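Those sequence lines, one after another, are chains A and V.
Just so we're aligned, residue 1 is where the first sequence starts under the numbering used here, counting upward by one.
Just so we're aligned, residue 1 is where the second sequence starts under the numbering used here, counting upward by one.
Bear in mind the hints are in silico, worked out from the structure with no lab data behind them.
Fair warning: there could be bad hints in the mix.
Said to hold, decoys possible - Once the Cα atoms are required to be at most 20 angstroms apart in a straight line, the calculated SDA-like pairs of lysine to any residue come out as:
(1) A:Lys71 / A:Asp55
(2) A:Lys42 / V:Thr86
(3) A:Lys68 / A:Gln45
(4) A:Lys99 / V:Gly58
(5) V:Lys70 / V:Asp26
(6) A:Lys42 / V:Thr54
A quick note: this is a predicted structure, and the numbers were derived from the prediction, not measured.
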Amino acid sequence: GESVGLHLPTLSVQEGDNSIINCAYSNSASDYFIWYKQESGKGPQFIIDIRSNMDKRQGQRVTVLLNKTVKHLSLQIAATQPGDSAVYFCAENISPTDKLIFGTGTRLQVFP
Amino acid sequence: NAGVTQTPKFRVLKTGQSMTLLCAQDMNHEYMYWYRQDPGMGLRLIHYSVGEGTTAKGEVPDGYNVSRLKKQNFLLGLESAAPSQTSVYFCASSYFGPFGSSPLHFGNGTRLTVT
Numbered sequence: 001g002e003s004v005g006l007h008l009p010t011l012s013v014q015e016g017d018n019s020i021i022n023c024a025y026s027n028s029a030s031d032y033f034i035w036y037k038q039e040s041g042k043g044p045q046f047i048i049d050i051r052s053n054m055d056k057r058q059g060q061r062v063t064v065l066l067n068k069t070v071k072h073l074s075l076q077i078a079a080t081q082p083g084d085s086a087v088y089f090c091a092e093n094i095s096p097t098d099k100l101i102f103g104t105g106t107r108l109q110v111f112p
Numbered sequence: 001n002a003g004v005t006q007t008p009k010f011r012v013l014k015t016g017q018s019m020t021l022l023c024a025q026d027m028n029h030e031y032m033y034w035y036r037q038d039p040g041m042g043l044r045l046i047h048y049s050v051g052e053g054t055t056a057k058g059e060v061p062d063g064y065n066v067s068r069l070k071k072q073n074f075l076l077g078l079e080s081a082a083p084s085q086t087s088v089y090f091c092a093s094s095y096f097g098p099f100g101s102s103p104l105h106f107g108n109g110t111r112l113t114v115t
């Protein structure tokens with residue numbers, strides 16, 4: 001069963017719509033950010049990463065946006081599919097100590 | 001490629017028992033990590049290794065020991081299990097590191113219950 005969190009914020013979207021999952025990070029010295037997807041009973045799966053010298057990076061159906069001014073990270077999923085249903089969480093690397101901090105996540109539910 | 005493989009997948013221990021969690025990666029990664037995941041909390045680092053024969057403490061190392069005798073394997077030991085160690089344990093590896101250079105690749109976890 002699900003072990004990531006009992007009361008995670010949940011985003012419900014209709015299949016085919018775009019999803020936007022947000023993450024507020026804590027430290028202005030963070031220089032590297034990663035988005036992970038975790039399906040029930042599985043380990044976190046790397047989706048996309050971005051360094052602090054960029055403000056946008058695109059992958060296949062996913063885009064990560066970084067706003068350093070307000071310390072905000074977002075993951076956009078285009079044309080959301082049922083297989084996208086999972087918990088998504090961000091991680092920030094705090095430089096120069098190289099400490100990786102993981103968020104608790106957002107549950108994405110996709111309905112037909 | 002199998003990626004990161006963890007064994008066992010599930011385990012139930014009584015308080016005071018010991019066990020070893022096994023992690024193997026076939027990606028030739030130098031860096032390996034052990035995390036625990038508890039409800040309502042982000043992943044927390046227990047121990048990590050920057051190469052064969054090396055280990056270092058993470059955020060929550062108490063009650064755990066690790067060994068990295070071979071590059072591809074990273075073992076996590078519980079010498080005397082306590083109920084507070086009930087958790088899901090994840091092993092991860094990365095090509096660069098530690099932490100801030102490349103993404104971590106995770107196994108599918110070991111669900112441990114200590115009664």
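Going through the hints against the structure:
About 11 angstroms separates the Cα atoms of A:Lys71 and A:Asp55, which keeps this hinted pair within 20 angstroms; it holds. Of the supplied pair hints, the one linking A:Lys42 and V:Thr86 holds, its CA atoms being roughly 17 angstroms apart against a limit of 20 angstroms. Our distance criterion of 20 angstroms between C-alpha atoms is broken by A:Lys68 and A:Gln45, whose separation comes to about 25 angstroms. The hinted pair formed by A:Lys99 and V:Gly58 meets the criterion: a straight-line CA distance of about 9 angstroms does not exceed 20 angstroms.
With a C-alpha separation of about 12 angstroms, the suggested pairing of V:Lys70 with V:Asp26 holds against the 20 angstroms cut-off. Between A:Lys42 and V:Thr54 the CA atoms are separated by roughly 28 angstroms; this puts the pair beyond 20 angstroms, and the hint is violated.
Taken one by one, the earlier hints fail for this structure at numbers 3 and 6, listed in ascending order.
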